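Please model the complete structure; the sequences and the hints are all you need to start from.
Just so you know, the protein sequences line up as chains Z and S, in that order.
Under the working numbering, read the first sequence as residues 20 to 227, first letter to last.
Under the working numbering, read the second sequence as residues 20 to 227, first letter to last.
Just so you know, the hints here were simulated from the structure itself, not pulled from any lab data.
There may be inaccurate statements among the hints.
Intra- or inter-copy, both count: the list cannot distinguish identical chains.
Quick list of in silico lysine to any residue cross-link-like pairs, SDA-like style, CA-CA up to 25 Å [unchecked claim]:
{"hint": "1", "residue 1": "108", "residue 2": "23"}
{"hint": "2", "residue 1": "108", "residue 2": "84"}
{"hint": "3", "residue 1": "108", "residue 2": "139"}
{"hint": "4", "residue 1": "108", "residue 2": "218"}
{"hint": "5", "residue 1": "108", "residue 2": "25"}
{"hint": "6", "residue 1": "108", "residue 2": "53"}
{"hint": "7", "residue 1": "108", "residue 2": "92"}
{"hint": "8", "residue 1": "108", "residue 2": "170"}
{"hint": "9", "residue 1": "108", "residue 2": "212"}
Nothing here was measured: the structure is a model prediction, and the numbers come from that model.
2 protein chains.
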Amino acid sequence: MIHDLYETISRRRDVRGQFTGAPVPGDVLDRILMAAHEAPSVGLSQPWDFILVRDRELRQTFHRHVHTERETFAATLDGDAARRFARIKIDGILESTLSVVVTYDAARGGPAVLGRHAIADAGLYSVCLAIQNLWLAATAEGLGVGWVSFYREDFLRGLLAIPGSVRPVAWLCLGPVSHLEEVPDLERHGWRRRRPLQLALHADRWGG
Amino acid sequence: MIHDLYETISRRRDVRGQFTGAPVPGDVLDRILMAAHEAPSVGLSQPWDFILVRDRELRQTFHRHVHTERETFAATLDGDAARRFARIKIDGILESTLSVVVTYDAARGGPAVLGRHAIADAGLYSVCLAIQNLWLAATAEGLGVGWVSFYREDFLRGLLAIPGSVRPVAWLCLGPVSHLEEVPDLERHGWRRRRPLQLALHADRWGG
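Right under this line is the structure:
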């Protein structure tokens, strides 16, 4: 049992290029969303929502926006980084089966959310825990997930009629894939390498 | 394999009262930390660090701070909520085997972090994904995790000599437990109930 969890954690990839567009059975999608919904949340506030985006036109509009933002980022890079970035695919919005937009409602469970008075972002953290549950569940089900972050929150709010008080946290592409890559895309394309765990560990104090 | 992941996701609890203080074998701790370290991160920035806090005096000092913050929160509650809150244990800092403080270094992988130019918090999100991997791995290993959030970030920075540019995201108590509760503490104590998943689902647009 333990081995399987570790295998799922290791196999999980941030997918851009391997979506097939094949259907996701309803019961599989239900299990994945329930896994997300069973995440821990500060003060049991469960401040997440999931917008399932299947509409083709909405996805095309978002895709165009993402590619405008890609150009904005590309313009900040120097020659070498720009050349590496040019080879990297940043989304699978149109090829994946559907998208799941995950949002954060800070008012949920308020006004006194247990555990949030000192750390305003604690509710935002909860939403991310739900996203990781979703991602691992999808991986275990043999699906791929790709988190797109080349967008402006206000654009996405407008596109999906998300209230001003609710914050979009992630646009996740979801669906069957031909395969999951062994090595993360960004490492394969020489963008960045994985860091040894030992460099991230400290004993009792920073640097200890 | 899939069933086991879902079982781990469902069994996972935010532990306060069930820590035994028994040792955590080194290889188990290594696997749990590696699971966290294998999380996805924006631009492969891997912006997390893990401070393993075993020192008794540091934990006692933090514990006193947490209980001061508890009083601050309690003072904001009206009679009914205050009575419910009085029964709720908020931390297992002294009873658990060790604590893991997880931090966020926004400068890691910079200045041009792929995928973060439009969403400044994307790096913070990555750290939370690592925390959920850690939490599930610990659960699968039969250990408990308790996320303490009754603290001020600056206090924790000072206590563990964390640089001003690095943000503490979580203080996690970790260790063997007598058992994991079936029902989350806050639900058992009548603080809040779990929300039906259906209320969190939308089709194509908010409210759809």
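Verification of the hints:
no., hint, result
1, 108 with 23, "neither (30 Å within a copy, 33 Å between copies)"
2, 108 with 84, "within (15 Å within a copy, 47 Å between copies)"
3, 108 with 139, "between (34 Å within a copy, 21 Å between copies)"
4, 108 with 218, "neither (29 Å within a copy, 34 Å between copies)"
5, 108 with 25, "neither (27 Å within a copy, 31 Å between copies)"
6, 108 with 53, "neither (30 Å within a copy, 27 Å between copies)"
7, 108 with 92, "within (13 Å within a copy, 47 Å between copies)"
8, 108 with 170, "within (15 Å within a copy, 41 Å between copies)"
9, 108 with 212, "within (17 Å within a copy, 42 Å between copies)"
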